[in-house]
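Protein sequences appear in the order of chains A and B. -3 is the number of the first residue of the first sequence in my numbering; add one for each residue after it. 1033 is the number of the first residue of the second sequence in my numbering; add one for each residue after it.
Bear in mind the hints are in silico, worked out from the structure with no lab data behind them. Every residue, glycine too, gets a C-beta built ideally from N, C-alpha and C. Please note: incorrect hints may appear among the correct ones.
Now the in silico label distances, taken between C-beta atoms and shown as ranges [said to hold, decoys possible]:
1. Asn24(A) / Asp1301(B): 52 to 58 Å
2. Lys1384(B) / Asn113(A): 34 to 40 Å
3. Leu1269(B) / Asn113(A): 35 to 41 Å
4. Asn1265(B) / Leu138(A): 31 to 37 Å
5. Gln6(A) / Leu1298(B): 36 to 42 Å
6. Leu1283(B) / Glu172(A): 45 to 51 Å
Taking lysine-lysine and the PhoX-like style, the derived pairs with C-alpha atoms no more than 20 Å apart in a straight line are [to be verified]:
7. Lys200(A) / Lys1401(B)
8. Lys1415(B) / Lys70(A)
9. Lys1390(B) / Lys205(A)
10. Lys1401(B) / Lys89(A)
11. Lys1262(B) / Lys217(A)
12. Lys42(A) / Lys22(A)
13. Lys1438(B) / Lys1257(B)
14. Lys74(A) / Lys1415(B)
15. Lys74(A) / Lys89(A)
16. Lys217(A) / Lys1330(B)
17. Lys89(A) / Lys1390(B)
18. Lys1415(B) / Lys89(A)
19. Lys198(A) / Lys1399(B)
20. Lys74(A) / Lys1399(B)
21. Lys1262(B) / Lys1415(B)
22. Lys1390(B) / Lys114(A)
23. Lys1401(B) / Lys198(A)
24. Lys130(A) / Lys173(A)
25. Lys1438(B) / Lys200(A)
26. Lys169(A) / Lys74(A)
27. Lys1445(B) / Lys198(A)
28. Lys1446(B) / Lys198(A)
29. Lys1257(B) / Lys217(A)
30. Lys217(A) / Lys1326(B)
31. Lys1390(B) / Lys1415(B)
32. Lys1454(B) / Lys114(A)
33. Lys1357(B) / Lys1415(B)
34. Lys1390(B) / Lys70(A)
35. Lys1330(B) / Lys1399(B)
36. Lys1326(B) / Lys158(A)
37. Lys200(A) / Lys1299(B)
38. Lys217(A) / Lys1390(B)
39. Lys1399(B) / Lys205(A)
40. Lys1330(B) / Lys89(A)
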Amino acid sequence: MLRIAVVEDQSIYQEQLLDYLQRFQKENQVPMDVQTFTDGDEFINKYDAQFDIILMDVQMPLMDGMSAAEEIRKVDSKVVIIFITNMAQYAIKGYAVDALDYVLKPITYYAFSERLNKAINRLGKREVEYLTIKVKNGYTRLDMSEIYYIESQGHKLLLKTKDATIEASGAIKELEKELNDDWFFRIHRSYLVNLAHVEGVKDKGVIVKGEELPISRSNRKPFMEALVDQWDM
Amino acid sequence: MPYDLAETPGGFYAVAYLMSALLFAVLNKGKRTKIESFLITLSFLALIFIYMEIINTDVHMMFFVPSILVSIGIIYLYIYLMCDLSLLSVGYYTARAFIVGEFIASFSYQIYYFAVLDLEMSFTYFTTYLFIFISYSVVLAFMYLLEKRFVKNHSTHDVTAREMFSAFIIVAVVFTMSNISYVYQNTPFSGSMARDIFNIRTLVDFGGVALLFAYHIQINEMNMKFEVEKLQNLLRLQIANYELSEKSIELVNQKYHDLKHQIAVLKQDASTQEAVDYLEQMEDDIKIYEAQNKTGNKVLDTVLMGKQLHCQDVNVTLTVVAEGKALDFMDPVDISTLFGNILDNAIESVVKIDDIEKRLIHLTISKRKSFLSVRVENCYEGKLIFNNGLPVTTKKDKNFHGYGLKSIQQTVKKYDGTMTIKTEDGWFELRILFPLL
Chain A
-3 MLRIAVVEDQ
7 SIYQEQLLDY
17 LQRFQKENQV
27 PMDVQTFTDG
37 DEFINKYDAQ
47 FDIILMDVQM
57 PLMDGMSAAE
67 EIRKVDSKVV
77 IIFITNMAQY
87 AIKGYAVDAL
97 DYVLKPITYY
107 AFSERLNKAI
117 NRLGKREVEY
127 LTIKVKNGYT
137 RLDMSEIYYI
147 ESQGHKLLLK
157 TKDATIEASG
167 AIKELEKELN
177 DDWFFRIHRS
187 YLVNLAHVEG
197 VKDKGVIVKG
207 EELPISRSNR
217 KPFMEALVDQ
227 WDM
Chain B
1033 MPYDLAETPG
1043 GFYAVAYLMS
1053 ALLFAVLNKG
1063 KRTKIESFLI
1073 TLSFLALIFI
1083 YMEIINTDVH
1093 MMFFVPSILV
1103 SIGIIYLYIY
1113 LMCDLSLLSV
1123 GYYTARAFIV
1133 GEFIASFSYQ
1143 IYYFAVLDLE
1153 MSFTYFTTYL
1163 FIFISYSVVL
1173 AFMYLLEKRF
1183 VKNHSTHDVT
1193 AREMFSAFII
1203 VAVVFTMSNI
1213 SYVYQNTPFS
1223 GSMARDIFNI
1233 RTLVDFGGVA
1243 LLFAYHIQIN
1253 EMNMKFEVEK
1263 LQNLLRLQIA
1273 NYELSEKSIE
1283 LVNQKYHDLK
1293 HQIAVLKQDA
1303 STQEAVDYLE
1313 QMEDDIKIYE
1323 AQNKTGNKVL
1333 DTVLMGKQLH
1343 CQDVNVTLTV
1353 VAEGKALDFM
1363 DPVDISTLFG
1373 NILDNAIESV
1383 VKIDDIEKRL
1393 IHLTISKRKS
1403 FLSVRVENCY
1413 EGKLIFNNGL
1423 PVTTKKDKNF
1433 HGYGLKSIQQ
1443 TVKKYDGTMT
1453 IKTEDGWFEL
1463 RILFPLL
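Model the full structure from these sequences, guided by the hints.
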């Protein structure tokens, strides 16, 4: 079930959006739970990270969409925000609240459904995947997204996560096969990094959570390409 | 010994022609699947082998030239069927393949002759062809490496008629010189001993191969220079364009402010509600001209404004999310050409769509950690053909076309970025990532 919020003060547009959402449900067989709000102020007061997608008008009388989005981002970094506006110049700053999509009024069904489709695709790829590895006294299970990078040292593997460095045995090559290859990239003979945690790239190094790891020259281009692909999600 | 040693058997030539034609087919852009290529090559091998070894043995001197022309025709047909090249280019590579074929055949035969006569090795039919195959492969592999090493952009341009004829003239001269001893023993260039004849032939053929190779490198370099010049011209044109739109946008802004002021004055004096409503409506209408794009980068603002106006003109909906500040690391000229080209490409693609609702372009420029991500998405219709990861234009004007993307690529490279293209569900996506560290 997709939870969608429509935040729009003008009733014509509100009705149109609801209409389009219904059509979209039918055409794509996506069950939705839609709630409507008429102002950013009202929406923020009731907000509790309970939505997957927010369709938000930019211009509203009490609290405009941009300010509302800023408030939302303080508590929810994951929800997808799509602005609805008739003034493109207001939505151009959407990057500040990680709202890289918007739909222009008058809204056409085609443009609307395409943007919505993209948003849904992005949501679909957020599943949690686990990795089971062999450690000193048995096995342990890790959420893949929480691994920053993996370093191979002789016969052991060091898995760097947020809280700890986990020592495991095995070959990096074998581990590479088990990991989701959309998320992880082998930058070097002995380093495998989680693309989601990459912060920057230098001439000969990749910055992962503040640490610089070596990358070979020939891996740089495929690495950047993998990064772009991963960020699509 | 299966052959009369003084005459080079037709089979030597048959395999040589085909293998060198194969070399040039591999070096150029193919248009066949692996299985198709394999089948074509196999049938041509059979064809040319039957022609040279069976039909063409013991031809009368009178038919010598026509029979060579038939061989050239077969090579031409083969390259034509295998590669995605213009007819003139096919001719050009046929000339090169022919001379390379002549060279490897005479070179290998000379070694074979030496092996049989002086080393007293004996060959069966099978080992003879094994020898041929191995020695040809060695020489051709060497040539392949040379071409790869020295020719930077293979087959990116179409050969002109002049270039093709030059190649054929070289071939004609080389071929005549190398074979003259077979026809006339009494010319200053003829030899009378078998070994002399072989030496002359191999050396002259080698000269021909070298000459054509040098010629090829030269053509290639000229083309590269020409391409650079074209890109520079395009750049100049775009800068001039940019300056022009900068001026007109300034003018629009000025007019907008004047108009806004005038409306405000009129509103104060308006006596009826109707008049006030009307003036307010007017205020709303002109709002779209209020410095539409305030991204934080003036150059980008100007480019976007110019393209936005153009889009309105051709019924394209362009939406933009842009963090202009993040572009500070880039040279203004690069900003204007990069985004000008990106949008021009997208616009050119969407205006081909009949349904106006689908003429959508969405551009995002955003900083993400220590990267700048640029992404343009547009709907497209029809089939895209890719070459080296870049879509090939369907426009007739091949010479001008594609420079937009080349220019984008150059800018991306300048800032050490990566560009990728993705097509999915009727959307074309160009994505660029620049490292900011």
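*asked:* Next pair to validate is Lys130(A) with Lys173(A); report whether the Cα-Cα distance is within 20 Å.
replied: 15 Å, holds
_Holds or violated: Lys1262(B) and Lys1415(B), Cα atoms, limit 20 Å._
At roughly 27 Å apart (the allowed maximum being 20 Å), Lys1415(B) and Lys1262(B) break the hint.
*Is it true that Asn1265(B) and Leu138(A) lie within 31 to 37 Å of each other by Cβ?*
The hint (31 to 37 Å, Cβ to Cβ) is violated, given that Asn1265(B) and Leu138(A) are roughly 57 Å apart.
*Taking only the CA atoms, is the gap from Lys1326(B) to Lys158(A) under or equal to 20 Å?*
39 Å, violated
*Take the C-alpha atoms of Lys42(A) and Lys22(A), compute the straight-line distance between them, and say whether it is at most 20 Å.*
Judged against 20 Å, a Cα distance of about 29 Å means the pair is violated.
*Are the Cα atoms of Lys200(A) and Lys1299(B) separated by 20 Å or less?*
64 Å, violated
_For Lys1257(B) and Lys217(A), compute the direct alpha-carbon distance and say whether it is at most 20 Å._
Roughly 27 Å separates the two Cα atoms, so the pair is violated.
*asked:* Between the alpha carbons of Lys1330(B) and Lys89(A), is the straight-line distance 20 Å or under?
replied: 15 Å, holds
*Are the Cα positions of Lys74(A) and Lys89(A) separated by 20 Å at most?*
18 Å, holds
*Within 45 to 51 Å or not, the Cβ separation of Leu1283(B) and Glu172(A)?*
Violated, at about 59 Å.
*Take a look at whether the Cβ-Cβ distance between Lys1384(B) and Asn113(A) falls inside 34 to 40 Å.*
22 Å, violated
_Agreement of Lys1390(B) and Lys70(A) with the hint, judged by alpha carbon distance not exceeding 20 Å_ = 35 Å, violated
Hint check: violations occur at hints 2, 4, 5, 6, 8, 9, 11, 12, 14, 16, 17, 18, 21, 25, 26, 29, 30, 33, 34, 36, 37, 38; the rest are consistent with the structure.
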